[in-house]
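Chemist: Can you make the complete structure from the sequences, with help from the hints?
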Amino acid sequence: MIEAVFVMALGAVVLGAALGYASIKFKVEGDPLVEKIDAILPQTQCGQCGYPGCKPYAQAIAAGSAEINCCPPGGEEGIRKLADLLGREFKELSAEHGVEKAKSVAFIDENLCIGCTLCIQACPVDAIVGAAKQMHTIVATQCTGCELCLPPCPVDCIFMVPVAETVETWKWTYPIFEVKRAA
Amino acid sequence: MLKKLFTFNGGVKPDYHKGESNHLPIAEAPLPAELVIPLHQSIGGVPHPLVHAGDAVKKGQLIGGPDGNVSSAVHASTSGLVKAVEMRLMPHTSGLSAPCVVIDPDGRDEWIEHAPVPWRSMSPGEIRDALRDAGVVGLGGAVFPSHLKVNPGKAGHLDTLVINGAECEPFITCDDMQMRERPEGIVKGAAILRDLTQAKQVLIGIEDNKPEAVAAMQAAVERLKTERIEVVAVPTRYPAGGAKQLIRVLTGIEVPHGKRSTDYGLQCFNTGTAYAVWEALELGRPLISRIVTVAGNVATARNFEVRFGTPMQDVIALCQPRPDSDRVIMGGPMMGYRMPAATVPVVKATNCILVGSKALFPPPPPEMPCIRCGECAKACPVDLQPFEMYWFSKAKIFGKAQEYSLFDCIECGCCAYVCPSRIPLVDYYRYAKSEIWARENEKTAADTARSRYEFRLAREEREKTEKAARLAAKAAETKAKLAAQAAANSDSGNSEKVGAGETAAANPQALIAAALARAQEQKAAAHPENTEQLSPETQTEIVEIEARRAKLREFAKAAQPHEDQ
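Residue numbers (the working numbering), protein chains in the order written: chain A, 1 to 183; chain B, 1001 to 1565.
Keep in mind the hints are simulated off the structure, nothing from the lab. One thing to keep in mind: the hints can contain errors.
Straight line, CA to CA, 20 angstroms or less: simulated PhoX-like cross-link-like pairs of lysine-lysine [to be verified]:
#, chain 1, residue 1, chain 2, residue 2
1, A, LYS171, B, LYS1443
2, B, LYS1479, B, LYS1467
3, B, LYS1396, A, LYS81
Rough simulated footprint, nothing fancy, chain A against chain B, three-plus residues with beta-carbon under 8 angstroms [claimed, not checked]:
#, segment
4, 1422-1430
5, 1440-1450
For glycine and all other residues, C-beta sits at the position ideal for the given N, C-alpha and C.
Modeler: If you want it as structure tokens, here you go:
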């Protein structure tokens, strides 16, 4: 009888120690779900979802306090991916947060720019180069098209220019064939 | 001596149609009325234009400078006047435009000064730069910049350099004709490549349906007495001209997924590329023209030496196209691309202009469901499972398609050729590949944006703490200074010292007074700018102005009491 208790107790101690060690050794930093959601979001940092960036929105989705259809730049495909990841039902993009647009980048009309630096402060990805009373310009390859630089501009010299398709970015279309009635 | 040859799995034997275009010698295509030379003609960066509208250019003049190392130069293919540097329709299925240099030929066809490159006394890096600046790219169709391949690899030497004269696609005979008519240039080019890559042996692989080319090349090798170069006839089976397929046939080595052929001491160049290397280094001529087969629905199919930028329709017109022609294909019937119009220019990738019609290439019968017969897997020369890749590409499950090595697919079209359900398999692979590329690019862009956003947040946080620290330090400094001042003021009464310091620190009024005093001090210390190194004239001018001012001040002083009264 006493041996059995001893053996069981020993087993409990060994397994407990192993589990305790594993929980330290293989500890996962942060919330992996947030990371996964964040990886799906388009990282425009535009705030159209009502959160101050993609990461906070990802955290809100993970916490269950936000819907998955609040991200216009991610579009329908983004919502489908989130729905797949989270096992939630697919929803249409919520209209109050905006509409899905073609990818575009900001463009500063350098004849109008007065060099106020307000857009530089607004840009979430530091894609605007310039200094006080110096002309500003957009680094087009870094611009996410979030449109956050538009409202602060006092002279309305920033426009959104859709990114044109080039020979390099052109995609083959899905093979579709005409369906004809057999004679 | 017969060389032991190996074989690759799969492949097909389509109708070759080669006899239609290889019975006439290579002719030179006449100068067109206008040359449209696209700046982007190779894999890699887009060359930047070096000429403007109105500039006079000579034949062989650099008009597009390479953008970085993975890029290749572009040259004017005749002398004349640059009409414009503008967007023109590209020889690309998309029907999109890209920057081109439009040249109005002056008819003199005058070469720019050029001289042989002393490559034997140059370092490998200098030779690579010379090849890049001569615009030499792979002329087999992939247009990969050749200077990047002229590399002996990690071991310092190659075992085998393969020169690819297999030319396996139906209708195309440009390499065949070049080997027949200009074998010495090719062999000399191969010898240069052999020396540059330190290759132990060079194998020139030619499909055995081109006996004239094999004979001509063998004769040239004997005549030139070049060492370690061997001409090998390989069995005719499409796609024996694929780089990896030809390497396997000649050496028995199968380069695995994700590895480079140089890791196995192998490298492969097209015969046309070898000729272009010889021209670039021994004659100092940049790549400005190539041999193009015009075949298909034409009365006399033939090969032409065509300057880059010549509109395809001009070359087609030389062969009398039949009236029912309805399409132009760049490349062969298996791997070629349909052109958006016949007006697009001939570029470095144009090995063949194939004129098509409904009679020659009847529209594909309707696609039937896949019956899992496995014929495509048997035909695949890369040993893939085309049906799996097809299902996943069709269902847009791209990750799975990639797991089945979609990117090892060379788009040779064997699977679609044998498919009994007539599924256009390659169309699905091309679609899936371009989707995956686009997603990959989007993902990289998102990752960059995320890291830049996070960096910005961190920077803002850092600036905030730095500012707070700076303010705190300044406040402490002022406090200490005031305390010291107070101590100095109350030197006589030691008992008051501590109290005065405390009140000064606590009293904002005192702080403000101190700040004002500092400001006054700074103002007094400030002196007019630009007063050093004055010329005597300016100095006298200043003295005069000061005198005037002094006078005015006196006037004002005199006037003031008067006004008061």
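Chemist: Taking each numbered hint in turn, which are not upheld by the structure, reported in ascending numerical order?
Modeler: none
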